[in-house]
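> Quick note, the sequences are listed as chains Z and H, same order.
Using this note's numbering, the letters of the first sequence correspond one by one to residues 1192 to 1754.
Using this note's numbering, the letters of the second sequence correspond one by one to residues -2 to 586.
Hints in this document: simulated from the structure, not taken from any laboratory.
Just so you know, not all the hints are guaranteed correct.
[Stated by the list, open to error] A partial selection of chain H residues facing chain Z, derived with a Cβ cut-off under 8 Å:
no. : residue
1   : 59
2   : 226
3   : 421
4   : 428
5   : 432
Ideal Cβ placement from N, Cα and C applies to all residues, glycine included.
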Amino acid sequence: MSKLLRYFKGYVPGAIAAPLFKIIEAIIELILPLVVAYMIDVAIAEEDTGLVIGLGLAMVGMTAVGLGFSLACQYLASRSAVGFGCNLRRALYAKVQRLRLGDLDRMGTGTLVNRISADVAQTQQGAAMFLRLLLRAPFIAVGAIVMSAIVAPQLWYVSFAAGVLAFAVLLIVMKVSVPRFVDVQKKLDAETQITGETIKGERVIRAFTGEKRAAEKFAGAADAHRKTSFVAAAVSCLLNPLASVIVNLAIVLLLALGSGEVDGGAISQGDLVALINYMTQILLALMAISTLLVMVSRALSSAARIRAVLEMPETEEGEGAEPDENAPLIEMKNAAFSFGGEENAVGGLNFTLRRGEVLGVIGTTGSGKSTLAGLLTRFYSATEGEVRIAGNDVRDYTSEQLNSLVTIAPQKALLFSGTVRSNMEFGKETDDGEMRSALEKTEAWGFLSRKKGLDTAVNQKGSNFSGGEKQRLSLARALLKSAPVLVLDDAASALDYVTEARVMKNIMAECGDRAVVNISQRPGSLRHADKILVLDGGKVVGLGTHEELMRGCELYRRMNNNG
Amino acid sequence: MKTKERYSVTLRILSLALRHKKTFIFGLAAVVVGTALSMIAPILVGHAIDYVAFGGTDFEMITRYCVIITACVTASGVLVWCGNVLLSNLAYLTVRDLRKRLFSKLLTLPLSVIERHSRGDLMNRMSTFGENLSDGLYQGVLQLSAGAVTLLVTLVCMYTLNWAVATLIVLLTPLSAFVAAKIAKRNRVTFAEQSENMSRLSGAAEEYFSGSRVLRAYGRVDESAEEVEKINRDLFGSGVRSQFAGALVNPVSRFVNYIVYAAAAIVGGIFVIGSGAGGWADGIGATLTVGALSAFLTYANQYARPFNDVTSVTAELQTASAAGRTIFALLDEADEDKGGTEKVELPVSSIEFENASFSYNPKTPFIEGLTFRAEEGQKIALVGTTGSGKTTVINLIMRFYDITGGRLEFDGKDIESYPRADVRRSFGMVLQDTWLFGGTIKENIAYGKPDATDEEIRAAAEAAHLDKFVSTLENGYDTVISGDGEELSEGQKQLITIARVFLASPEMLILDEATASVDAMTERAVQAAFAELTGGRTTFVVAHRLSTIRDSDLIIVMDNGRIIEKGSHDELVALGGFYTQMLKAAGGE
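Chain Z with its partners taken away, still in its complex shape (with noise of 0.2 Å):
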């Protein structure tokens, strides 16, 4: 927690004040009982109406006071949490956003969206409870103790035994308990996890008639989640009952000694009612620290999965370089990429492309076909070998210079919540017209003129599009962009052969000037590239045309055969 302390930069004032408001009023709530013990030994004792009246309106008074405080403690903290929790949101988007893809890919988007919402969330809920509590529940605890030796010195170590006792249990329930409930989780996990496979699996257990066994399965694993959680409930629910016993046979202890010192003139009346009450805020202030401790170790646990995330390693940026225009526009050099595995991912990438050249790139699923336009749009960094782009390292050029390079349209084709034309100013800012042309190459003008055109609305992740839909707006974003380097990545896996054929015509036509890396699985698709790369399970077994592969290369001969 502490290295993400720096994200209360802006609301340090009030994360100081806050505490140290609710400190005010937790002395104020000390003193009251020596206000009623006051009432009780001298008011009470002397018949005095007037002074009993007086001293309870004093009490109101100073509640007053006291909860003016703690509103001021409550907004400050509130407000620094909250600005906290902002910060830390910003902080970790961005972060996500250098993130190396293969880390981002690694850790998945579902778990990086919890990372930002809930885990900062609960980071942030704990922040505020740190604050609120964070002060006032010890200085209670040790103020009452304290308090209670000022009004009887004689009896000082009831009160401390019992506040120092119940604490030691309170710490060892918890620490007993935590591993349990750990183990309750783990519990869960399996449950849910035979849950999971077993949605999956729901036509071969059909098919096979496995239900019964499937049910049984779940069945042992529901009873041993039942099972650890009981003993875990045991463990914990010991804390509330063993604290308020401990602290009542104080009150016991406190009425039996103290009585011999009411008797014997050392103590009065007033302050052994005094001393009591001063017990029972020992018993509330432990149970608000337990519970703070439980939301601060929740806190903690969500802060070092922030953290971790914060302290991944970054995408490195380039210097800047001046691409080469006499240069070739790729070159790989015995390039290889590695996810950090024994096998590379792809390897062994050795080829030259041009202006005006098409490297098709064919492969089955896993062959490390998308690894490569990963290599080229700087996705991922070579662990080996060279790529460059015009000539320089592709880790030479800055972000900026890299994407007016290279662009890619991705397998998955991602667009944005907004509309038609927001998504096509990624590619250019530019006017309608070229943007309906580029959508006309595309063949996406026909479904989009159907609907409202530039202006069709885009759900969030392009949802009210169809998988061929988004790919052919897809691949009109990356037209747009007029970047030398095109990396088409199975980008129009999802239209028939027939539109396929036509789009990538269209395509061809605009990129006379342009050298195209074409990856499909469609052998079809890339018979007429100049190069065509054949990779089989990250490795390249083929480079050469098309002519040159049916005769040498048996996998792109049996690609091709097998239609």
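We have chain Z already, so just place chain H on it with the hints.
Using the frame of chain Z, we list chain H on its own:
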């Protein structure tokens, strides 16, 4: 949710909980008695205090009270603990039962119902909503019973002490309840605003994180950050409001309590004064001692507590009943019918569609005019683009879905006259989406025949070209794989499911022939295994590679839910239609 509906959900949950009567009753009794005992303590302490006086302490009485109080609080501690544990267990038992029912339900509902929900949604009902329900049940029963007892016992104790002061405190109670309700209302409003903003944030984060590639490649990261910042700013406003509204509860209710406390002190003090020898208090039957006053002050605080807790308990109960409602909604869906009672006679001579139609959604017809006949031992191939209806035909044959028009005959009779389970059992199925479960490879192969011997399993694996791979593993067939089978390649997973079908040795076969994500080496093994498996069996193949189905007895070309061409490979090539186009476009010939 409507009040009536919430009521019925609560009743259903309670009736489930009542199946564990002993736990329920003993748990409730322990909590009630334990709480009551703890509420008596202050009055006892008060009495004890009255025996304490400068130079006149009655030590005998003090000792007696000390013993009684000790016994009382210890017993209370033990009982409260027992009650808490039992009531937790009650919640766990109830939710466990509910989860088991929900799980069984997942396997008896029609697939159409299952597929209407996302997997995440169904899993959520099982895990998160189950937990919500468990928390709600525990908190609900515990807090409501403990709260009621606290209220009742405190009331009785206070009235035994002094009716006048007791009445004063009771009259002031609505103040506390009123303030709590006010704050709760404010909380609800700000909370709704906050969660609205939170879901906006999650939505944006989801979109921008999954679209990170495009944002980066098109240099739009800063613009997206700006969009997020807009939401972040709204989150600051609503966050501060809702955080502060939540933070109001404690200090304000503390303040209200202190007003009651001070009032009790003033009035109580006056009554103590008036209770002196010959005082007026005796005249109205409301004398008060210092000890009793101290007890009153304790009660003044405790009496209001259940009212303050009402807010948090209500929130928890609302979450729980919302969770319960979604769980029950699924449980209340009608099960898939078991089908007819006709006995399946092997071999099945034919399967025939006659002008059959089907739609997932009554408004948009999908499959129409489906007519073809598969004879015993034939190989039938279904080809067509994605979404053309190939898989749907398989779903109809397997009775995962039912035709909505026309006829589907199985062995010459309406397929609905046979039990669903028997129809399904007569097929072996290898799907594109391989399904393995957490367990050993052996268990996975033996899924269709759990009592198979090791030799049989091995033979099946050999036939599926899997044996060689398994023998390279350290633990061989006993290797444990995770539910997703992540340690295996797609091809290896596919081979396991093929071995599974080999072992079950079904009468007929359904193959969703997906080798798209298999590397070239494994693909050859998979194809060989498929070839061996199909020999002599009636087989339906959803084909992705046209070359593998050239030898089919019947090729059915589908488009948009209709059969557009059918015949043998040669006939279709001679026809020169869509099939020929597909062959060309795919790169062959």
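> Taking each numbered hint in turn, which are not upheld by the structure, reported in ascending numerical order?
none
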